[in-house]
Amino acid sequence: MATSVGSKFLDLDNGPDSTLLHRELNWLIQDSLGEGEPATLSCAASASSSGSTSSKKVVKLRTCLDDLYRLWKERIEDRRPFQYLVGCEHWRDLVLSVEEGVLIPRPETELIVDFVEDVLAENYGDGLKEGLWADLGTGSGALAIAIGRILGCNGRVIATDLSPVAVAVTEYNVKRYCLQDKVKVKQGSWFEPLEESEVELGGIVSNPPYIPSDNIAGLQAEVSKHEPILALDGGANGMKDLLHLCNGAASMLRPGGFFAFETNGEQQSQFLAGYMESELGGRLVDIKIESDLAGIPRFVKGFKAR
Amino acid sequence: MLSFLLRRSSSFEQKPQFCFSLLASLAQVQSQSQSHHFSSSIQNRSCFTPGYSCLGKRSDGFCLSLIPSSKISPGVSCSDVDSVKCVRFCSSQSQADVDIVEPSTSDGLTVEGIIAQNWTVLGEDESDWRSHASAIAQSIHLTKRRLKWKQLLFKVKSLSEELDKQDLWDDPVRAGKISREHGFLTGKMNEVKAFEQELFEHIDMIKLSREENDAEMESEALKALLEMRRNMKEKELEALLSGEHDSCSCFIEVQAGAGGTESMDWASMVVQMYKKWAQRKGYEVTIVDEMPGEVAGIKRATIRVEGEYAFGYAKAEDGAHRLVRCSPFDSANRRHTSFSAVAVIPILGEGFSRFQIKESDLRIDRFRAGGPGGQHANTTESAVRITHIPTGITATCQNERSQHSNKASAMAVLQSRLDKLELARQAQLNAQHTQSLSENSFGNQIRSYILHPYRMVKDHRTNYEVSDADSVLEGDIDDFILSYLSASLDKDEDGL
Ligand SMILES: C[S@@+](CC[C@H](N)C(=O)[O-])C[C@H]1O[C@@H](n2cnc3c(N)ncnc32)[C@H](O)[C@@H]1O
Numbered sequence: 001m002a003t004s005v006g007s008k009f010l011d012l013d014n015g016p017d018s019t020l021l022h023r024e025l026n027w028l029i030q031d032s033l034g035e036g037e038p039a040t041l042s043c044a045a046s047a048s049s050s051g052s053t054s055s056k057k058v059v060k061l062r063t064c065l066d067d068l069y070r071l072w073k074e075r076i077e078d079r080r081p082f083q084y085l086v087g088c089e090h091w092r093d094l095v096l097s098v099e100e101g102v103l104i105p106r107p108e109t110e111l112i113v114d115f116v117e118d119v120l121a122e123n124y125g126d127g128l129k130e131g132l133w134a135d136l137g138t139g140s141g142a143l144a145i146a147i148g149r150i151l152g153c154n155g156r157v158i159a160t161d162l163s164p165v166a167v168a169v170t171e172y173n174v175k176r177y178c179l180q181d182k183v184k185v186k187q188g189s190w191f192e193p194l195e196e197s198e199v200e201l202g203g204i205v206s207n208p209p210y211i212p213s214d215n216i217a218g219l220q221a222e223v224s225k226h227e228p229i230l231a232l233d234g235g236a237n238g239m240k241d242l243l244h245l246c247n248g249a250a251s252m253l254r255p256g257g258f259f260a261f262e263t264n265g266e267q268q269s270q271f272l273a274g275y276m277e278s279e280l281g282g283r284l285v286d287i288k289i290e291s292d293l294a295g296i297p298r299f300v301k302g303f304k305a306r
Numbered sequence: 001m002l003s004f005l006l007r008r009s010s011s012f013e014q015k016p017q018f019c020f021s022l023l024a025s026l027a028q029v030q031s032q033s034q035s036h037h038f039s040s041s042i043q044n045r046s047c048f049t050p051g052y053s054c055l056g057k058r059s060d061g062f063c064l065s066l067i068p069s070s071k072i073s074p075g076v077s078c079s080d081v082d083s084v085k086c087v088r089f090c091s092s093q094s095q096a097d098v099d100i101v102e103p104s105t106s107d108g109l110t111v112e113g114i115i116a117q118n119w120t121v122l123g124e125d126e127s128d129w130r131s132h133a134s135a136i137a138q139s140i141h142l143t144k145r146r147l148k149w150k151q152l153l154f155k156v157k158s159l160s161e162e163l164d165k166q167d168l169w170d171d172p173v174r175a176g177k178i179s180r181e182h183g184f185l186t187g188k189m190n191e192v193k194a195f196e197q198e199l200f201e202h203i204d205m206i207k208l209s210r211e212e213n214d215a216e217m218e219s220e221a222l223k224a225l226l227e228m229r230r231n232m233k234e235k236e237l238e239a240l241l242s243g244e245h246d247s248c249s250c251f252i253e254v255q256a257g258a259g260g261t262e263s264m265d266w267a268s269m270v271v272q273m274y275k276k277w278a279q280r281k282g283y284e285v286t287i288v289d290e291m292p293g294e295v296a297g298i299k300r301a302t303i304r305v306e307g308e309y310a311f312g313y314a315k316a317e318d319g320a321h322r323l324v325r326c327s328p329f330d331s332a333n334r335r336h337t338s339f340s341a342v343a344v345i346p347i348l349g350e351g352f353s354r355f356q357i358k359e360s361d362l363r364i365d366r367f368r369a370g371g372p373g374g375q376h377a378n379t380t381e382s383a384v385r386i387t388h389i390p391t392g393i394t395a396t397c398q399n400e401r402s403q404h405s406n407k408a409s410a411m412a413v414l415q416s417r418l419d420k421l422e423l424a425r426q427a428q429l430n431a432q433h434t435q436s437l438s439e440n441s442f443g444n445q446i447r448s449y450i451l452h453p454y455r456m457v458k459d460h461r462t463n464y465e466v467s468d469a470d471s472v473l474e475g476d477i478d479d480f481i482l483s484y485l486s487a488s489l490d491k492d493e494d495g496l
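Keeping their order, the protein sequence lines are chains B and R. Numbering follows the UniProt record's numbering, in which position 9 of the first sequence is assigned residue number 9; successive positions increment by one, without gaps. Numbering follows the UniProt record's numbering, in which position 287 of the second sequence is assigned residue number 287; successive positions increment by one, without gaps.
Derived by calculation from the structure, the hints in this document are not laboratory data. It cannot be assumed that every hint is accurate.
The calculated DSSO-like cross-link candidates involving lysine-lysine, where the alpha carbons are at most 27 Å apart (straight line), are [stated by the list, open to error]:
1. B/288 - R/177
2. R/177 - R/150
3. B/8 - R/193
4. R/223 - R/193
5. B/240 - B/175
6. R/177 - R/207
Which chain R residues face chain B? A few, computed with CB under 7 Å, are given here [to be verified]:
7. 280
8. 284
9. 360
10. 362
11. 371
12. 380
13. 381
14. 391
15. 392
16. 394
17. 403
We treat Cβ as the ideally placed atom computed from N, Cα and C, and that holds for glycine.
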């Protein structure tokens, strides 16, 4: 089934090719093996009809084969994302629960945590490590949890999201990593859920919806058919939420506080950086555009002036 | 394994802590078995001492030499300063041993002496002390040769001199390295010496019991000799793996030669062979990087093999492997010859000088990235390629499930490749090592696997061959490895 796809999806909408699907199938089988079974059923996915003899062996599965088959059919025929099939996504060193209604965290976004790590290493004296951080539009809680794990013992994170599903999934993930004391999850729009006492933020990170509305329909089927539109649609030019966040950062960060936002690419990054430099009266400084590992200028980061 | 059906609604909650504690307990088991490994020889030795401590003569000095060797056995953790103290203590002891006398029985019989007697070695169940003694002496002789005894003694001596220098600790990193190496080598040396000593104690014992007509004592000593004989066989094998990096884990890289699908299929068979071999040996195997072929097989792959002595064994596989068979990918089913190149790279542990990588020398990129990325794309592909710009060496990892882990894995591969390069560079400076590092190219053909017209696997370095090609491809390669290791270590007589 996976092999027959060939490069059809890839040519159609930049979807997965058969190599990738084979790897996913392998992971699906790995994940469904009972505890204690060796996770190396490599023969399952290898397309080779090699001369080496294949040994047969009985293994315990957590789900019955019919279910597995049904799941895999959904993957190929409905283009249901692999991560929704298995209910989780491996992201950085975390395994996060995900489900329909919440965005599957992207590999690009992992880099935001690297930026925060660098800042904490350099600015230890500024107390950012022990400060209050916000992850706005937290989705599955990826950024909030990763940052919660690298802050000092007094450091706290507030994670907000407008979507009740996202809030519930984040709460579940926070609990799985035993971070209830560190990461607070609140439902509401961007900064709104923050209380009076929580306005002096040491850091803000966000990966808000940034895809221009017109582009949504042409997205890869896995995304357009299955992921929540609330997590993707950034208005006419995709900048609606980014600009809102950027204004918010200028007023909500404490002096020396750090911010990092993910954008749609070069155009948005440059626009945003230009906006921060010219329109915010010098309140945000040290503004830098960073590329993701595919070389696309993806992030804008900087500090609140002292 | 952790992740299946990890939904909020799923009935069983899996806390990530489970996997941490599991890891922790695994790590514990491993370290236990490791220390067990190192201390077993000491237990073996100490079990006979109480009975013989009255034997007089040299038993005094003998006991002394046992104590320090157990103190510095690598399984025992002590702070660097401590280890230097005890190393110093025993270094003076061992040096005395080296310089003064060769151990012998009370009437002057040495290991060489026993071998020169040419006593016939009979089966283990023949209770003839001469046969046992002769077998043991030969084992000790072989073990010494494998350890490159003369070089070993020389090395221990020069390291002890280093350790005695006043300014040693001005450079704590180097000092730590020297003291560790000294401890490691002294341990090996003392172990063999203790065996020699033990052999002579038993022989003296037998002679004494005969003089005194004490049958019980004699049979006890005979039993002890037999036990020792069996033990020494193991030690012989262990001595095959006494290279500096032998105890490390390793990466095995396999690359398909020219010849299209047939050769890519061969490369994947080779990878399978190593995976199965490693699993048999209880090693943990992970695929780090795999580049599948268009039709079947793989263009290249890197697997990580984790466990004690993984490198020591696997290094014997470095070189080109040749397959001859009727290709299932050839519509006319003609006979084809294809090659796979195998490179084995040690994963150096703490304490070895590692290649220092400068962050600014690296270029890290998404491998096979395309399209606008970010929120546009849902993909499980997060392969990362790291390039070390000054050397042009790259490493890719695509089999981990997150970009972060792919990057960490690729970084580990890159580090090991650069370490190997550095080792090769140092080895060139230090000519005696060049032999053991064979170059990894298709030119260096080490083994042929012939499936047609007859079935045979033959190693060109040792001429060792078997006809059961299937079981070899199923990972039964230990005999090839051992015969190669012994051939390469046993050939130069001058080490003794
Ligand atoms: C692109 S997703 C990012 C999710 C997560 N931070 C990540 O990187 O995986 C954007 C998130 O913003 C949330 N969102 C959209 N509009 C919002 C609003 N007005 N206030 C708060 N969150 C909002 C969506 O529900 C979605 O979870």
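Hint check results:
As the CA atoms of residue 288 of chain B and residue 177 of chain R are separated by approximately 43 Å, the hinted pair breaks the 27 Å bound. Of the pairs offered as hints, the one joining residue 177 of chain R and residue 150 of chain R holds, with about 22 Å between alpha carbons and a cut-off of 27 Å not exceeded. A C-alpha spacing of about 69 Å is found between residue 8 of chain B and residue 193 of chain R, which places the hinted pair above 27 Å, so the restraint is violated. For the given pair, residue 223 of chain R sits about 21 Å from residue 193 of chain R by alpha-carbon distance, which is consistent with the 27 Å threshold.
Taking the CA atoms of residue 240 of chain B and residue 175 of chain B, the gap is about 32 Å. The hint is violated against a cut of 27 Å. Distance check on the hinted pair: residue 177 of chain R and residue 207 of chain R sit about 45 Å apart at the alpha-carbon level, beyond 27 Å; violated. Checking residue 280 of chain R against chain B: minimum C-beta separation of about 12 Å lies over 7 Å; hint violated. Annotation: interface hint on residue 284 of chain R violated; nearest CB of chain B at approximately 10 Å, more than 7 Å.
Annotation: interface hint on residue 360 of chain R violated; nearest CB of chain B at approximately 14 Å, more than 7 Å. Given the 7 Å rule on beta carbons, the hint for residue 362 of chain R is violated: about 12 Å separates it from the nearest Cβ of chain B. Checking residue 371 of chain R against chain B: minimum C-beta separation of about 4 Å stays under 7 Å; hint holds. Evaluation of the residue 380 of chain R hint against chain B yields a held restraint, the C-beta minimum of about 5 Å falling below 7 Å.
Interface restraint check: residue 381 of chain R against chain B, minimum CB-CB distance 5 Å, threshold 7 Å, status holds. For residue 391 of chain R, the interface hint is violated, since its Cβ never comes within 7 Å of a Cβ in chain B; the closest pair sits about 21 Å apart. Below 7 Å, beta-carbon pairs count as interface contacts, and residue 392 of chain R has none with chain B, the closest being about 19 Å; its hint is therefore violated. The restraint placing residue 394 of chain R at the interface with chain B is violated, with a minimum CB-CB distance near 14 Å, outside the 7 Å limit.
Because the smallest distance between the Cβ of residue 403 of chain R and any Cβ of chain B comes to about 4 Å, under 7 Å, the interface hint for this residue holds.
The structure does not agree with the numbered hints 1, 3, 5, 6, 7, 8, 9, 10, 14, 15, 16 stated previously, though it agrees with the rest.
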